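**Q** Residue numbers (full-length UniProt numbering), protein chains in the order written: chain E, 1 to 198; chain G, 1 to 198.
Since the hints were made in silico from the structure, they are not lab data.
Remember, it's a predicted structure, so these values are computed and weren't measured experimentally.
Heads up, some of the hints might be wrong.
Identical copies carry no separate label here, and so any pair may be met within one copy or between two of them.
[Said to hold, decoys possible] Calculated pairs, SDA-like style, for lysine to any residue (alpha carbon to alpha carbon, straight line, at most 20 angstroms):
id: 1; residue 1: LYS161; residue 2: LEU128
id: 2; residue 1: LYS166; residue 2: ASP36
id: 3; residue 1: LYS23; residue 2: VAL92
id: 4; residue 1: LYS166; residue 2: GLU129
id: 5; residue 1: LYS23; residue 2: GLY185
id: 6; residue 1: LYS23; residue 2: GLY186
id: 7; residue 1: LYS23; residue 2: ASN98
There are 2 protein chains.
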Amino acid sequence: MSFSPLIQQLVTALRCLPGVGPKSAQRMAFHLLERDRNAALELSAALAQAAEEVSECQQCRTLSETDICELCASLSRDRSSLCVLESPMDVVAIEQTNSFAGVYFVLGGHLSPIDGVGPDDIGISQLLERIAQGEVKEVIIATNPTVEGDATAHYIAEQLKRTELKVTRIAHGVPVGGELEYVDGGTLAHALAGRRLL
Amino acid sequence: MSFSPLIQQLVTALRCLPGVGPKSAQRMAFHLLERDRNAALELSAALAQAAEEVSECQQCRTLSETDICELCASLSRDRSSLCVLESPMDVVAIEQTNSFAGVYFVLGGHLSPIDGVGPDDIGISQLLERIAQGEVKEVIIATNPTVEGDATAHYIAEQLKRTELKVTRIAHGVPVGGELEYVDGGTLAHALAGRRLL
Ligand SMILES: [Zn+2]
Ligand SMILES: [Zn+2]
Numbered sequence: 001m002s003f004s005p006l007i008q009q010l011v012t013a014l015r016c017l018p019g020v021g022p023k024s025a026q027r028m029a030f031h032l033l034e035r036d037r038n039a040a041l042e043l044s045a046a047l048a049q050a051a052e053e054v055s056e057c058q059q060c061r062t063l064s065e066t067d068i069c070e071l072c073a074s075l076s077r078d079r080s081s082l083c084v085l086e087s088p089m090d091v092v093a094i095e096q097t098n099s100f101a102g103v104y105f106v107l108g109g110h111l112s113p114i115d116g117v118g119p120d121d122i123g124i125s126q127l128l129e130r131i132a133q134g135e136v137k138e139v140i141i142a143t144n145p146t147v148e149g150d151a152t153a154h155y156i157a158e159q160l161k162r163t164e165l166k167v168t169r170i171a172h173g174v175p176v177g178g179e180l181e182y183v184d185g186g187t188l189a190h191a192l193a194g195r196r197l198l
Numbered sequence: 001m002s003f004s005p006l007i008q009q010l011v012t013a014l015r016c017l018p019g020v021g022p023k024s025a026q027r028m029a030f031h032l033l034e035r036d037r038n039a040a041l042e043l044s045a046a047l048a049q050a051a052e053e054v055s056e057c058q059q060c061r062t063l064s065e066t067d068i069c070e071l072c073a074s075l076s077r078d079r080s081s082l083c084v085l086e087s088p089m090d091v092v093a094i095e096q097t098n099s100f101a102g103v104y105f106v107l108g109g110h111l112s113p114i115d116g117v118g119p120d121d122i123g124i125s126q127l128l129e130r131i132a133q134g135e136v137k138e139v140i141i142a143t144n145p146t147v148e149g150d151a152t153a154h155y156i157a158e159q160l161k162r163t164e165l166k167v168t169r170i171a172h173g174v175p176v177g178g179e180l181e182y183v184d185g186g187t188l189a190h191a192l193a194g195r196r197l198l
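In isolation and in its complexed conformation, chain E is listed as follows (with noise of 0.2 angstroms):
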C-alpha cells in the first residue's frame, strides 16, 4: 500500500519521534487529518517556534527560549547549591521531585572519548567559571549512573580537587545502568538526601 505523496511524507516526519513506529506514525497522521486538521496546524506552528527560538540559557545550558531561564533568573532559589545534570530532561525530573532548591547546569552529555565527546563539547569550562564567580559551595553530581556518567562525574570531581567546594554524587536508590529521567520521584528524592562526598 503507498499512501499519497503528502500522506506519506507526514507518516515518515511523525517516525522521527521517540517511541513511534510505523503503524502509529500512520494511525497519527489520519487522525489528525481525518478529525483534527487544527490540531495539526497548531503543532506545526509550535514545532517551527520551539525548533527556532529555544535555545539554551546562558547560566545553565538548559533548553529556554530567553537569554537566562526561569530557574536560573529565580530569586528563591538557592544559588550556592549547584546540581549539575546531562539533560534538560534530568532538570525537569529532579524538578518534579520538589527536594531540591538549588541551580542546575546541563552538561548536554557526557564523556566519551570513544565518539569524540571531551571536556570542551560538555561544557566544562562554563562550569568552572560558574563556579570561580563565588556563589556556589556545594556542587551535587547528578549525571547519569553509568559507566560515562560516573566517568564524567570524577572527571568534573577531580577538576574541582584544588577548590574548598563540597561536591557529591547522587547515590542512594538510582539503579545502576539506568537513565536519571526514568527514574521515579520518590527514588530521586532519597538519592538526592542521601548523596556523598566524592
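Model the placement of chain G with the ligands on the given structure of chain E, informed by the hints.
**A** For chain G with the ligands alone, kept in the frame of chain E given last:
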C-alpha cells in the same frame, strides 16, 4: 515544574497525537529540541502541507491531495466490485491484505441518530450516484462490526434492495465489537473471502 512557554506549548500540542500522554509528549519535545531540530522543522512542514493540501477523493472520499486518488485512477482495479468502508484507515488495512482488487467508497463514519449523523453526513447519496453509473456489480459492505457499523450496513443494503446488485457484508473472522483497522491482515482476508449476501 513549568517549562518555558514555547516548550510548554510544544508539549501541549504533541498531546493532540493519539496515544501520546503527558510523559511521552515531554520526552518527544525534549528529544526534538536537544537532538533533532531539522526533524522538528521537517515534521512542522509536513503537518502544515498535509493539513492544507490533503482533501478528499471526489470518487471514493478517501484522503487524497489529488481530485481523484491513486486507487480510483488506477486502470488495474476491478470497477465492478465496490467495497464500502467507514474510514481511510480501513482502506489501508484492506489494501495491506492484498486480497481485494476492486475499488472503495469511504463513508467517513457511520449512521448515529443520537449524534445527529444521518445518511447525508456519510455520503450515502454520493454512494448511490456512484452505483447508479452502472459499473458496479457487487457492493461489499465492510463497515466496522459494531452496532452502528451493522446498522449502517443494513441501511445501505435496504437502499440497494430494488437494484440487481449483489450486496455482501464481510463476515467471518472479524471480532464482534472491534474496529476494523486493528484487525490483522489474515483475519481481514478471511472475512473478505467469507462475505455473505445481505
Ligand atoms: Zn538557566
Ligand atoms: Zn478515490
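**Q** Against each hint, give a clear statement of whether it holds in the structure.
**A** Hints, verified against the model:
1. LYS161 x LEU128: within (12 angstroms within a copy, 83 angstroms between copies)
2. LYS166 x ASP36: neither (53 angstroms within a copy, 36 angstroms between copies)
3. LYS23 x VAL92: Classified as between: cross-chain Cα gap 11 angstroms, same-chain 30 angstroms, threshold 20 angstroms.
4. LYS166 x GLU129: Answer is within; shortest intra-copy Cα gap is 17 angstroms, inter-copy 81 angstroms.
5. LYS23 x GLY185: Cα proximity of LYS23 and GLY185: across copies only (13 angstroms, versus 32 angstroms in one copy).
6. LYS23 x GLY186: Between copies only: 17 angstroms across chains, 35 angstroms inside a chain, cut-off 20 angstroms.
7. LYS23 x ASN98: For LYS23 and ASN98, only the inter-copy Cα distance (17 angstroms) is at most 20 angstroms; the intra-copy one is 38 angstroms.
Checked against the numbered hints above, the structure breaks only hint 2 and satisfies the rest.
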